[in-house]
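Engineer: From first to last, the protein sequence lines are chains A and B.
Residue numbers for the first sequence follow numbering that gives the first Met the number 0, beginning at 0 and rising by one.
Residue numbers for the second sequence follow numbering that gives the first Met the number 0, beginning at 0 and rising by one.
Calculated from the structure, these hints are not laboratory results.
Predicted model, so just to flag it, every value in this text is computed and none were measured.
C-beta: ideal position from N, C-alpha, C; glycine also.
Incorrect hints may appear among the rest.
What the hints assert, rightly or not - Just so you have them, the derived chain B footprint on chain A, three or more residues with Cβ under 8 Å:
{"no.": "1", "stretch": "24 to 31"}
{"no.": "2", "stretch": "147 to 153"}
{"no.": "3", "stretch": "271 to 278"}
To be verified - Here's a subset of chain B near chain A, in silico, CB distances under 8 Å, partners left out:
{"no.": "4", "residue": "A16"}
{"no.": "5", "residue": "N17"}
{"no.": "6", "residue": "F85"}
{"no.": "7", "residue": "A86"}
{"no.": "8", "residue": "V88"}
{"no.": "9", "residue": "T90"}
{"no.": "10", "residue": "Y91"}
{"no.": "11", "residue": "H138"}
{"no.": "12", "residue": "T143"}
{"no.": "13", "residue": "G154"}
{"no.": "14", "residue": "T156"}
{"no.": "15", "residue": "Y157"}
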Amino acid sequence: MDHKDYAILIVDDEPIVRESLGKWFTEEGYLVETAADGGEALDRLTQRNYDLIFLDIKMPGMSGLELQRKIRTIDANATVVIITAFASVDTAVEALKDGAHDYITKPIDPDYLSHLVEKLARQRALAAENVELKERLAGMTAHGSIMGESSAIQKLREMIATVAPNDTTVMIRGESGTGKELIARAIHAGSPRRYHPIVPINCGGLSETLLESELFGHERGAFTGAQFRRKGHLEMADGGTVFFDEIGNVSAKIQMDLLRVIESKDFFRVGGNTPVKSDFRIISATNRDLEAAVAAGSFREDLYYRLNVFSIGVPPLRERDEDVILLAQYFLSKYSASMNRVFTGFTDEARDALRQHRWPGNVRELENAIERAVVVGSPPTVGAGDLPIKPPREEIPPQDMSLEVIEVAHIRRILEQCGGNVMRAARILGIDRVTLYNKIKKFNLPR
Amino acid sequence: MDRADGSDILVVPVDCANYALLQRLTIDLHATLKHTAVVASWDLSPQFAREPARGQYNSSLILAELFRRRTDPPVRILGVTDVDLFAPVLTYVFGEAQMRGPAAVVSTFRLRPELYGLPSDAELVSRRLLVESVHELGHTAGLTHCHTPGCAMIGSTYVEEIDLKGPGLCEQCRGVFEGVWG
Chain A
0 MDHKDYAILI VDDEPIVRES LGKWFTEEGY LVETAADGGE ALDRLTQRNY DLIFLDIKMP
60 GMSGLELQRK IRTIDANATV VIITAFASVD TAVEALKDGA HDYITKPIDP DYLSHLVEKL
120 ARQRALAAEN VELKERLAGM TAHGSIMGES SAIQKLREMI ATVAPNDTTV MIRGESGTGK
180 ELIARAIHAG SPRRYHPIVP INCGGLSETL LESELFGHER GAFTGAQFRR KGHLEMADGG
240 TVFFDEIGNV SAKIQMDLLR VIESKDFFRV GGNTPVKSDF RIISATNRDL EAAVAAGSFR
300 EDLYYRLNVF SIGVPPLRER DEDVILLAQY FLSKYSASMN RVFTGFTDEA RDALRQHRWP
360 GNVRELENAI ERAVVVGSPP TVGAGDLPIK PPREEIPPQD MSLEVIEVAH IRRILEQCGG
420 NVMRAARILG IDRVTLYNKI KKFNLPR
Chain B
0 MDRADGSDIL VVPVDCANYA LLQRLTIDLH ATLKHTAVVA SWDLSPQFAR EPARGQYNSS
60 LILAELFRRR TDPPVRILGV TDVDLFAPVL TYVFGEAQMR GPAAVVSTFR LRPELYGLPS
120 DAELVSRRLL VESVHELGHT AGLTHCHTPG CAMIGSTYVE EIDLKGPGLC EQCRGVFEGV
180 WG
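Take the sequences, apply the hints, and build the full model.
Structural biologist: Next comes the structure, spelled out in structure tokens:
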């Protein structure tokens, strides 16, 4: 590694030590400066940062320990190595407790000194590289993943930017396939917790006992097959974020457990009797109408309010017409590259088909459609026939159907289209929510 | 005071008993650096630099004395000694040089296999002395430690590290060296 960017400050009242060490490090190629006392050292520290500071523990005026404490307030990142005589090892140990990295006794073994500084320089370079990579990764995740130019997506980005830096609990609402987990990850990436994990858990896909074990972990022997203690997702998310997907599907027992965890921030592993502490932010997502679930008594109202502190609605793709082609082009580039098939764009018919389709499966459906088109299509352009979507057809009800049958079918279709969101379905149907609830009850419709 | 008789490097014995070793060094330095070297007709006693408590000799003081005796026109003065050298804050050094200055000193004390319980090997000592001499003379040309495998300017803090490098300079170091030495 190149040493010339690594700055060393030697603080010692003995000129011979400053000269000797300074010469040694100059020969090694480091950038070296010296200071004869604490005051001069502090002056130098106001002018530039040093990667490594050698500090004599015993100096007239300001002692090495006192200077070390002042250095901490000026530049907390500087590595301090104490230089001491054998007689002052106790003081050096005190300096270590105060945050010094190491101490060396005079005279210094050149072999030890050389390796110590080389090691510290490498550590410094790695730490700097690590921070840079994390920042770059966080930037990529936070800003690069949510595509679209529509006003709805721009508003969504603004909401993410607003809520991300705060530790607020967030509820993401949207139909299946709209990218709720992507938004949760963007919020996490923009938060101070970004250097800790985001742990997603799909609450809808697991049975109650399995979900309990996944969330809280289990002790050895807690149940048949539990051969080892296992950390749960909540424990693994310590310092980071837990993302509860499909939160509306959890059972009453898990709802109660979660409420307790949110309030106390501790929990027990399954089969355990020692409380486990974990500090995590909660982001949850649902495609269900949780208000309706609360009204129906299937979701705890207290948990609902705990989770729904900041709500973000993700618009379905059909409400973002201007983003469809942009996203399609993005997926086309992505799959063209990964499958090594050179597609450059879409025919006019394919573009029309993409714009006219309702995309009930949202972005996920669009991505799958483009992936398939890249497989079956002929480069360089994707044609309408390559897309697994059918042109919209006008549905004409059979003439022998009653008005009630048509009404039931229409309400059912709109509810499905809205992913069970009664409020949105009511808006599309042009009736109020209570009326729609009454009709759902009357016709025994699933939500 | 001695003249280097037109040579570029004046090798000064500083309590160094082995004159043949010094003669060999001048030949090897010429072959390696393409600059002429000659053994001085005078020598320097290092007693003034002795530190009784450590039983070692202060290389910085020896350097200062060599610098005081520099010749005009300027040549590089390389002191070679059999005594154990230390720089004031370090337990020992193989040698020391004035960065971009005319003087350097190297010690054979820690280059001898006998110090490490091994059989004596004159050829090995001669090679190590050449490597360290080129290294210290490199510092007088302003070269800092290098990381190119084999280059004499790689820093060494124990003797086996000297054996891992050659007496020559890497392309980059040689370029700097020639720029200064001509």
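Engineer: With a cut-off of 8 Å, does the beta carbon of V88 of chain B approach a beta carbon of chain A closely enough for the hint to hold?
Structural biologist: At about 4 Å, which falls below the 8 Å cut-off, the nearest Cβ of chain A leaves the hint on V88 of chain B intact, so it holds.
Engineer: Hold the hint about T90 of chain B up to the distance rule: shortest CB distance to chain A must be less than 8 Å.
Structural biologist: 5 Å, holds
Engineer: Under the criterion of a CB-CB separation shorter than 8 Å, is A16 of chain B in contact with chain A as hinted?
Structural biologist: With a closest approach of 26 Å, the A16 of chain B hint is violated.
Engineer: Holds or violated: is the Cβ of Y157 of chain B closer than 8 Å to a Cβ in chain A?
Structural biologist: Constraint on Y157 of chain B satisfied, holds at 5 Å.
Engineer: Any CB of chain A closer than 8 Å to the CB of T143 of chain B?
Structural biologist: 4 Å, holds
Engineer: Return the status of the interface hint for G154 of chain B: holds when the least beta-carbon distance to chain A is below 8 Å, violated otherwise.
Structural biologist: 6 Å, holds
Engineer: Would the hint on F85 of chain B be counted as holding, given a Cβ-Cβ threshold of 8 Å to chain A?
Structural biologist: 7 Å, holds
Engineer: Would the hint on N17 of chain B stand, with a C-beta cut-off of 8 Å toward chain A?
Structural biologist: At about 25 Å, which exceeds the 8 Å cut-off, the nearest Cβ of chain A leaves the hint on N17 of chain B violated.
Engineer: Would you settle whether the hint for Y91 of chain B is holds or violated, based on the nearest Cβ-Cβ distance to chain A being less than 8 Å?
Structural biologist: With a closest approach of 7 Å, the Y91 of chain B hint holds.
Engineer: Hint T156 of chain B vs chain A: min CB-CB distance below 8 Å?
Structural biologist: 4 Å, holds
Engineer: Have a go at the H138 of chain B hint: is there a Cβ in chain A nearer than 8 Å to its own Cβ?
Structural biologist: 6 Å, holds
Engineer: Are three or more residues of the stretch 147 to 153 of chain A within 8 Å, CB to CB, of chain B?
Structural biologist: Violated, because only 0 residues of the stretch 147 to 153 of chain A bring their Cβ atoms closer than 8 Å to Cβ atoms of chain B.
Of the numbered hints given earlier, the model fails hints 2, 3, 4, 5; all others are met.
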